[in-house]
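Using the sequences and the hints, build the whole thing.
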Amino acid sequence: MDDLSTAGRHRSESGFTNVGRAPWWQRGFFASQTAYVVLAFLIITVAISFVADNFLNPENLLRTSQNFSYVGIVALGATLVIITGGIDLSVGSVMALTAVVTMIVMKWIAETALGFVSMPLALLIGLMVAGFIGLVNGLLIARLKLSPFVVTLGMLSICRGLTYVITKGRSQAPGGPSVDTFYALTNGKLFGLPIPLVYLLIGAAIMGFVLHHTAAGRHIFAIGGNERAAALTGVAVERVKIGVYVACSMTAGLAGILMSGWLGAAQANLATGYELTIIAAAVIGGANLAGGSGGPVGAIIGAALIEVIRNGLVLAGADSYWQTAIIGMIIIFAAIVDRLRSLRAA
Numbered sequence: 001m002d003d004l005s006t007a008g009r010h011r012s013e014s015g016f017t018n019v020g021r022a023p024w025w026q027r028g029f030f031a032s033q034t035a036y037v038v039l040a041f042l043i044i045t046v047a048i049s050f051v052a053d054n055f056l057n058p059e060n061l062l063r064t065s066q067n068f069s070y071v072g073i074v075a076l077g078a079t080l081v082i083i084t085g086g087i088d089l090s091v092g093s094v095m096a097l098t099a100v101v102t103m104i105v106m107k108w109i110a111e112t113a114l115g116f117v118s119m120p121l122a123l124l125i126g127l128m129v130a131g132f133i134g135l136v137n138g139l140l141i142a143r144l145k146l147s148p149f150v151v152t153l154g155m156l157s158i159c160r161g162l163t164y165v166i167t168k169g170r171s172q173a174p175g176g177p178s179v180d181t182f183y184a185l186t187n188g189k190l191f192g193l194p195i196p197l198v199y200l201l202i203g204a205a206i207m208g209f210v211l212h213h214t215a216a217g218r219h220i221f222a223i224g225g226n227e228r229a230a231a232l233t234g235v236a237v238e239r240v241k242i243g244v245y246v247a248c249s250m251t252a253g254l255a256g257i258l259m260s261g262w263l264g265a266a267q268a269n270l271a272t273g274y275e276l277t278i279i280a281a282a283v284i285g286g287a288n289l290a291g292g293s294g295g296p297v298g299a300i301i302g303a304a305l306i307e308v309i310r311n312g313l314v315l316a317g318a319d320s321y322w323q324t325a326i327i328g329m330i331i332i333f334a335a336i337v338d339r340l341r342s343l344r345a346a
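Quick note: the sequence shown uses this note's numbering, first residue 1, plus one each step.
For the record, the hints were derived by calculation from the structure and aren't laboratory data.
Some hints could be false.
[To be verified] Derived CB-CB ranges, DEER-like:
#	residue 1	residue 2	range
1	Ala205	Asp53	30 to 36 angstroms
2	Asn57	Ile336	33 to 39 angstroms
3	Ile336	Leu276	17 to 23 angstroms
4	Ala184	Leu42	19 to 25 angstroms
5	Ala216	Leu193	41 to 47 angstroms
6	Pro120	Trp322	39 to 45 angstroms
7	Leu343	Trp322	43 to 49 angstroms
Yeah, the Cβ is synthetic: ideal placement off N, Cα and C, and Gly gets one too.
Here is the structure:
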């Protein structure tokens, strides 16, 4: 026994404590799907810079970062839902309805005695509408155990239909004494960066902190990993699920308001078809549709990759309709990589 103890001590002193550990590129972030997507993003960016001369132009890069910020903001919320094993197909319609309600309320309040606070009140009411939609989704899914796909698909039609009913198909522009402030907060710049990108980075930082440094974050991952086991360990499954759907809808509402500031008005067809792009950004970035994995970095990289491909195709003079097909191929490739990585880990 003494000889064995001495040999063990010698091995420890000799620095062999890492025996059996995987190499650094197979551990932590480097072993995640997000790391592969980051690598793919860098390779594609370099390739496009050779094909499209103006791609690395600072003005084009700023415009590209602003364009993907809207998808990225909603992808943060969608990632939370996907981590729990759910899905939200209503986000595009929520963007449109929230933006329209905000514009209408802003103009309406501006004509009253409270006109001086028309913008903050309109923003609050708009985000409350988005939060309410998420609450309804969450209650139907968590309490009544309805399919997330069916519930959010139905909500997609409801919100889009209400948007057309309210607007009669006409665009709604902001009004009142705070219009210039509204445009500055939705389409301005801060430290030279587009303001939507700043909101995206702040949201990602908050989401990263919540997921990795709070009990709520651990509960979100636990539900996605094994909902039944999470419930048996005391996780408030229903409350957490409702919370992520509310958060997802509110990110959609925020993005819709920001887009209306960018476009100068809220259109009834705003963000039509954005649902698949947003979900694609989250999935490409490493969110597993089966639940249990995902994060803010992946959501941002996924959104950026999609916009870089679109922008590169446009600058290169290629048919922009190829974007949809390429995104589909990237999604399937990401799923294959994730599957191979899972098999290797097993």
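Falls inside 33 to 39 angstroms, the C-beta gap from Asn57 to Ile336?
-> Holds: the Cβ-Cβ distance is about 34 angstroms, inside 33 to 39 angstroms.
Given a hinted range of 30 to 36 angstroms, is it respected by the beta-carbon distance of Ala205 and Asp53?
-> holds (34 angstroms)
Can you let me know if the beta-carbon spacing of Leu343 and Trp322 is within 43 to 49 angstroms?
-> The hinted range 43 to 49 angstroms is violated for Leu343 and Trp322, with Cβ atoms some 31 angstroms apart.
Given the hint of 39 to 45 angstroms, check if Pro120 and Trp322 actually sit that far apart at their C-beta atoms.
-> holds (43 angstroms)
Per the hint of 17 to 23 angstroms, is the separation of the Cβ atoms of Ile336 and Leu276 within bounds?
-> holds (19 angstroms)
Take the C-beta atom of Ala216 and the C-beta atom of Leu193, compute their distance, and say whether it sits inside 41 to 47 angstroms.
-> violated (29 angstroms)
Just tell me: holds or violated, for the beta carbon distance of Ala184 and Leu42 against 19 to 25 angstroms?
-> Given about 33 angstroms between the Cβ atoms, the range is violated.
In summary, the structure is inconsistent with hints 4, 5, 7 from the numbered list given earlier, while agreeing with the others.
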